[in-house]
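*Asks:* Guided by the hints, dock chains B, C and D onto chain A, whose structure is given.
Number of protein chains: 4
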Amino acid sequence: MQEIFCDRTRLQRMLDVIAALARAEARVGVIPSAAVAAIESRCRAEIFDVDALARATAAAGNIAIPLIKDLTARVASGDAAAAGFVHWGATSQDTIDTGLVLQLRDALALIENDTARLAHALADLAEFHKRTVVAARTWMQQALPTTFGLKAAGWLSAIDRHRLRLRELKPRILVLQFGGAAGTLAALGADGMATASALAGELELALPDSPWHTQRDRVVEVATVLGLITGTLGKITRDISLMMQTEVGETFEPRAPGRGGSSSMPHKRNPVGSAVVLAAATRVPPLVSTLLASMPQEHERGLGGWHAEWETLPQICALCSGALAHTIDVIAGLDVDTDRMRANLETTDGLIFAEAVTMALAKHLGRMPAHELIESACRRALEQGRNLYDILAGDSKVNALLSDTELTAMFDPLNYLGSAEQFVDRVLAQHRTTNQDVT
Amino acid sequence: MQEIFCDRTRLQRMLDVIAALARAEARVGVIPSAAVAAIESRCRAEIFDVDALARATAAAGNIAIPLIKDLTARVASGDAAAAGFVHWGATSQDTIDTGLVLQLRDALALIENDTARLAHALADLAEFHKRTVVAARTWMQQALPTTFGLKAAGWLSAIDRHRLRLRELKPRILVLQFGGAAGTLAALGADGMATASALAGELELALPDSPWHTQRDRVVEVATVLGLITGTLGKITRDISLMMQTEVGETFEPRAPGRGGSSSMPHKRNPVGSAVVLAAATRVPPLVSTLLASMPQEHERGLGGWHAEWETLPQICALCSGALAHTIDVIAGLDVDTDRMRANLETTDGLIFAEAVTMALAKHLGRMPAHELIESACRRALEQGRNLYDILAGDSKVNALLSDTELTAMFDPLNYLGSAEQFVDRVLAQHRTTNQDVT
Amino acid sequence: MQEIFCDRTRLQRMLDVIAALARAEARVGVIPSAAVAAIESRCRAEIFDVDALARATAAAGNIAIPLIKDLTARVASGDAAAAGFVHWGATSQDTIDTGLVLQLRDALALIENDTARLAHALADLAEFHKRTVVAARTWMQQALPTTFGLKAAGWLSAIDRHRLRLRELKPRILVLQFGGAAGTLAALGADGMATASALAGELELALPDSPWHTQRDRVVEVATVLGLITGTLGKITRDISLMMQTEVGETFEPRAPGRGGSSSMPHKRNPVGSAVVLAAATRVPPLVSTLLASMPQEHERGLGGWHAEWETLPQICALCSGALAHTIDVIAGLDVDTDRMRANLETTDGLIFAEAVTMALAKHLGRMPAHELIESACRRALEQGRNLYDILAGDSKVNALLSDTELTAMFDPLNYLGSAEQFVDRVLAQHRTTNQDVT
Amino acid sequence: MQEIFCDRTRLQRMLDVIAALARAEARVGVIPSAAVAAIESRCRAEIFDVDALARATAAAGNIAIPLIKDLTARVASGDAAAAGFVHWGATSQDTIDTGLVLQLRDALALIENDTARLAHALADLAEFHKRTVVAARTWMQQALPTTFGLKAAGWLSAIDRHRLRLRELKPRILVLQFGGAAGTLAALGADGMATASALAGELELALPDSPWHTQRDRVVEVATVLGLITGTLGKITRDISLMMQTEVGETFEPRAPGRGGSSSMPHKRNPVGSAVVLAAATRVPPLVSTLLASMPQEHERGLGGWHAEWETLPQICALCSGALAHTIDVIAGLDVDTDRMRANLETTDGLIFAEAVTMALAKHLGRMPAHELIESACRRALEQGRNLYDILAGDSKVNALLSDTELTAMFDPLNYLGSAEQFVDRVLAQHRTTNQDVT
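Residue numbers (numbering that gives the first Met the number 0), protein chains in the order written: chain A, 0 to 438; chain B, 0 to 438; chain C, 0 to 438; chain D, 0 to 438.
Rather than coming from a laboratory, the hints here were simulated on the basis of the structure. Keep in mind that a hint or two might mislead.
Note: identical chains are not told apart, hence a pair may lie in one copy or across any two.
No farther apart than 25 Å at their CA atoms in a straight line, the calculated lysine to any residue pairs in the SDA-like style are these [stated by the list, open to error]: (1) K129 <-> R116; (2) K169 <-> S402; (3) K129 <-> D338; (4) K169 <-> T432; (5) K169 <-> Q435; (6) K169 <-> L107; (7) K396 <-> P170; (8) K129 <-> L381; (9) K362 <-> A189; (10) K129 <-> H370; (11) K169 <-> D436; (12) K129 <-> F410; (13) K169 <-> Q429; (14) K362 <-> A72; (15) K396 <-> E45; (16) K68 <-> L364; (17) K129 <-> D190; (18) K68 <-> L206; (19) K362 <-> V397; (20) K362 <-> G28; (21) K68 <-> D123; (22) K68 <-> R26; (23) K68 <-> S32; (24) K362 <-> W87; (25) K68 <-> D15; (26) K68 <-> V335; (27) K362 <-> N386; (28) K169 <-> Q11.
So that you can see chain A by itself, here it is in the shape it has in the complex (with noise of 0.2 Å):
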């Protein structure tokens, strides 16, 4: 992402833009054949003294002037006749903003390919856990048994959700911008619609119906769409790096050298990754907002809201591309401490099954009754410091209705989870089903 994004490379994607306007222009008819190869030559990056060209840009007002300034004069000094047809008709905003779809394009491929990934590491994940049992933590306290596959399961949902929402405003962004000076191509006269056209061809975009310089809904979507992919990862690594505590420590990101260790406290196993992650989903919401408050732009171009989006949607971009990749590390190499996981369910002495066995209870009493034996149950339980079941198992109402075998089994997480397989087993079969539609 931070090459899609280097300097180097965005100017590149101008150059690209200017270099197949020639060839667009020449086939229809605009500037002659013979200038064609003179621009086209001289698009291309590595000529180009970046430094120079960031300087000259605070006076010119952006990018593009200098750049174009700078391109003409090695045009000319090859093939002068060519040098008047460089960049001929459009303003730099077209040249701006087409790079920057041209980018995005890069970026959103690599952000589609990596949620992907990350989607199928957590499918492995979900499908391979079904059966493991995990606290269920409401407040960040314990709450009921579930499964750590139904918890992998429900990233993966938001995670999928996400990879329909790349698919959906990919047409919206991936089209030209191309207007001229006004937005009405009139230095084209009557070609402009020809050239957009031709414009659109070569770069393999979509032509939209009009110029869009200060309709700024096409980029700043993709901010938000980053922005919600961003606050997913973050509430995945919330999970994990809470579930690294060393009073927890159920799961734990990936070992390797020089990570997340510490020598004079060797016992800690720091989640590093989870970190950044957490780092981007604190960065990236306030950077949409930044793109959103920057869309009231004035007139045909904006005067400081399209500057502020210059370096802030590149930095969502590789925001989001970073958290995702710390992501996929984290998840495809995560360590699961099942018996953790397991011996945690006891650290409330069996009061977590209290709702089980309240349920299992009312079927033989009525659902009052039972909630009030086992709310007398537990209280005792607390404060004789011991397991509920050892209360139950010795209270002569409750042997008189359930087998030892029965309360055993009440006392075991596997009994009490629900539709917990299932929900587990649909969202795979959407998986599945995403998987389809976004190829």
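*Replies:* Okay, now just chains B, C and D, sitting in the frame of chain A:
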């Protein structure tokens, strides 16, 4: 929109969910049919004390807990047996989230309706002013002529894209939330899926692959799309308020008694509608950021993140909806001073036509010589405070190439509009397609 | 805080300004003294129809316009001559902003009082637990021992800095807004400054160097400081909610009927107060961003930016104040399980003391050899699942250097607390200084 | 500012801390004096491989870990014994945070210097244009006359308040961070405080009451004040860019080669400096929100929150500093067209003076009759397209009360400026006081 999200309606939507749950569970055989009527008949918001529930919410942690407690007591007073089956197997977040989805269904219907109304008003404006010339302004400076119809078409094009986005997100948000305390429906034993399916049917919502208690992308996506819409509304009113400036005077918000006038400053016509919309466009982006930032919710129930959603999403809905209503008012009743638009094109003493003349001369002289000739003429025009037309009309080189009729024509903005009309037609065609797609 | 910012109080504060203006202008001789009583007597919020004013606000552009119109009519009904002097020479923003300043004066007094209360509760906690050992956790992993007193002292130190910030900002915000329609007080002719000075005196506000209608740093600064405070409250409750986890169990929010418990999950003790605070800490930062973003207000009266402030600043005040109240509750009634704190230090089977032993052995062996010896011992402890103490107690090289008494002491967290106590004392000393400074 | 926060300088500031720590510890007797030179001599950024360190950072979790490892190896290669004392007793966050404080000391000095420069330029502008009339504009509509000097004074007043804020925050941020792995300085045994004190002395920083590893208000406060400053800069350039509009033409950014011009649109004078500043004013608020949102950092070292600060705070510093530099350029070289300012006051055909005449007539007629007379005259002026002066000059009732000289004077904006000049003088007096206070 305020009605959809008021305390009373919010309560009713949760009660709708609870009533539907009783019906669904009776249908599936999870609770006795006899309990349904007793529960259903109490699920009416008007019998509850909203303020008392609000006070109890702080201690309980969410609104559903005291609501269900209160409802259960009311049911019990009439039918003690039925009371045991209130909210059977559900968790408070099931009810709160599904209630929210029901509210969002109404909210999105309203937003869809209003975006359609705005689109139609903009389509009329674009069609009507297809040949109305106005200065295109870049950097808030006059650049070249364009048409007011193209300006309106640009606004329309964005609104129509939003309508497609709304259509796409609905299947993801109009879904049931139902997972019970741990997201496993454990309390329903083997009847979880059947109950969930029946409940979804009762509420005419889709059944999602799994509960999404801490996968918040569904709700946050709504916020992002409303954020994009509000951004476009800000863009529209930014333009209009700039055109309403005393020194510009091209468009005006509709007059109405008590609206935007000032008795001590009778020349003023304040853009009061635009101000409301621009305020919304300032407030919504950070609120969207709040929701994105709240996505990494812990384990099976968030701590703080979920709570941060409760007031934020309704605020976004209200701000977007209010901004839509104001924009519809402004656009539907917009006063357009086409004479002033044309007159303002004279402000630059003909310099705004420099590019048009250059392009025309380039056919005779080649691009560079034409450019140099006009550049020099512009310099003289500025120095001498004369109109560029007069300078050129007195230039022998120009006279040799262009007749006075030709030269005069070049200073008519209607002759330098390029593809503006075609762009408007394309946007209007797209608008008709969108109208079909979204219905 | 809700009372300070409710519609009724807001109206009253504006009416207070209008009444004070009449008194001030009569004193200076700008309006007849006879008009004062007629105006003053109608400046009571309870006689106005809040809903009707709210409806009129949308069309008028701000609340002050219909309020003044309504007030003028009421004054006129009793004293037609006096009605001509209502709000003489002022503009609606003068009244709205100065009314806001009066609200903020009350709001800041409340915040100052509550930060002081919280500071005192934290000081008690820091003092009381100066020698209570608890695991210091970095990356949410146990690192080394620290004291709970030092944890509390860290929270206290931040709160006390906020109290100084509040003291510093007050002179900048507790000032009059009074400039008339253009910020020149032109309607008052030569009496502008005298009137302004008298009005400031009436309201016990400072007279600023000039009107600040579109210089919003004064109000936005309030938001930033409340944002900083809310951030610290989020930090405090983040820590407490982490310590409340089932597997940690070191601190608990105070018990209260109906608070954070669950009848079907009797082991739970939900951090309901912390959730409210963490939600505020999620919501306030973007709201601060709204206000910062709204600062570039146009010319002499903003268009949208000012309007964006109206609801945002009260929300920030309410969220910060609510978070403060909840944090005070949590801290003042905090259950601290010092036994569990100490027991949790055993979780790592002695590895948490590795650094302490290394430091001790380094005096005998040099740092590197000591480090290697302990690293190897830790490896064996982990592999064999034994306590590090046991490994070392059985190591002949260690036995040669350290007596068993010495070795045992190194595994007592109380012996590896460094300067913790001194830091607590320094914070408490600073607290006493702050108490003096802010009063 | 870019230099202060570049990778190389960042490294150097951390190395400065490490070198100072060695000196301090030798002074206190914690490490042998012999080790100091070996350590100090390697604490030079230019000998490190920045890219390699950046790569290692991802796995290690922060930059200080690989830096210290690398540094230790370099020291060891020359003096094995000294290597054991590199970074003795400190934790990586000590070095990163204190290094950041050293960077912020430089950054704040630069910001202080530039705000002073801007203030001086604004003071000159305010003084020079104390009697230059210009339209005051509310809602972006001409309201009444004011002076350009008062406009500049408003900007100045805000900048001078920021200078006081900068002065106030410095004692809170220019402090040492030094707590060791757990914030207790345990590794230094009884020497913690003495070492801390010596280290603070070496670095000329204050010694805080306690370490502040997860109490981030000190650093976030810097961001909030820079956010306030950037907001004011946005306000200044918002005004200037509005005044630069083609139809307004009152002020212009300074001309420079290649700056803001367009060869094909010679009439343009683009506000390129203002665009940069407005972009900063759009980008900084959400970045401030990022830092506020990252404040609730877990326990003794944050997970994600701290990491979110690393790039965000330098970006804020760079954006604010860049915006300051551009605003200084714009203000110091501002072209002011005082003729156009006065001419624009004619745009409303005299209606802008309606209030002035009303006030004058009120002395003769009473307020209400005067108001009605003028309101009717204004209506006629608008209907007949005539200047209000002409209407009034032909009104017998007016003629009876006012001589033509008197009436003419009322249409001179210089005669309706109220306290504008006094406000300017007060701001300039406050400016002189501020200059003294901040030095």
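*Asks:* Give a verdict on every hint.
*Replies:* Now the hints, each set against the structure:
no., hint, in the structure
1, K129 <-> R116, "within (20 Å within a copy, 49 Å between copies)"
2, K169 <-> S402, "neither (61 Å within a copy, 50 Å between copies)"
3, K129 <-> D338, "within (15 Å within a copy, 37 Å between copies)"
4, K169 <-> T432, "both (19 Å within a copy, 19 Å between copies)"
5, K169 <-> Q435, "both (17 Å within a copy, 21 Å between copies)"
6, K169 <-> L107, "both (8 Å within a copy, 23 Å between copies)"
7, K396 <-> P170, "neither (67 Å within a copy, 50 Å between copies)"
8, K129 <-> L381, "neither (32 Å within a copy, 30 Å between copies)"
9, K362 <-> A189, "between (82 Å within a copy, 14 Å between copies)"
10, K129 <-> H370, "neither (30 Å within a copy, 43 Å between copies)"
11, K169 <-> D436, "both (14 Å within a copy, 18 Å between copies)"
12, K129 <-> F410, "within (19 Å within a copy, 42 Å between copies)"
13, K169 <-> Q429, "both (21 Å within a copy, 17 Å between copies)"
14, K362 <-> A72, "between (88 Å within a copy, 22 Å between copies)"
15, K396 <-> E45, "neither (85 Å within a copy, 43 Å between copies)"
16, K68 <-> L364, "between (87 Å within a copy, 22 Å between copies)"
17, K129 <-> D190, "between (62 Å within a copy, 19 Å between copies)"
18, K68 <-> L206, "neither (27 Å within a copy, 55 Å between copies)"
19, K362 <-> V397, "within (13 Å within a copy, 63 Å between copies)"
20, K362 <-> G28, "between (85 Å within a copy, 14 Å between copies)"
21, K68 <-> D123, "neither (54 Å within a copy, 38 Å between copies)"
22, K68 <-> R26, "within (24 Å within a copy, 61 Å between copies)"
23, K68 <-> S32, "within (21 Å within a copy, 61 Å between copies)"
24, K362 <-> W87, "between (82 Å within a copy, 14 Å between copies)"
25, K68 <-> D15, "within (16 Å within a copy, 44 Å between copies)"
26, K68 <-> V335, "neither (59 Å within a copy, 31 Å between copies)"
27, K362 <-> N386, "within (23 Å within a copy, 48 Å between copies)"
28, K169 <-> Q11, "within (22 Å within a copy, 39 Å between copies)"
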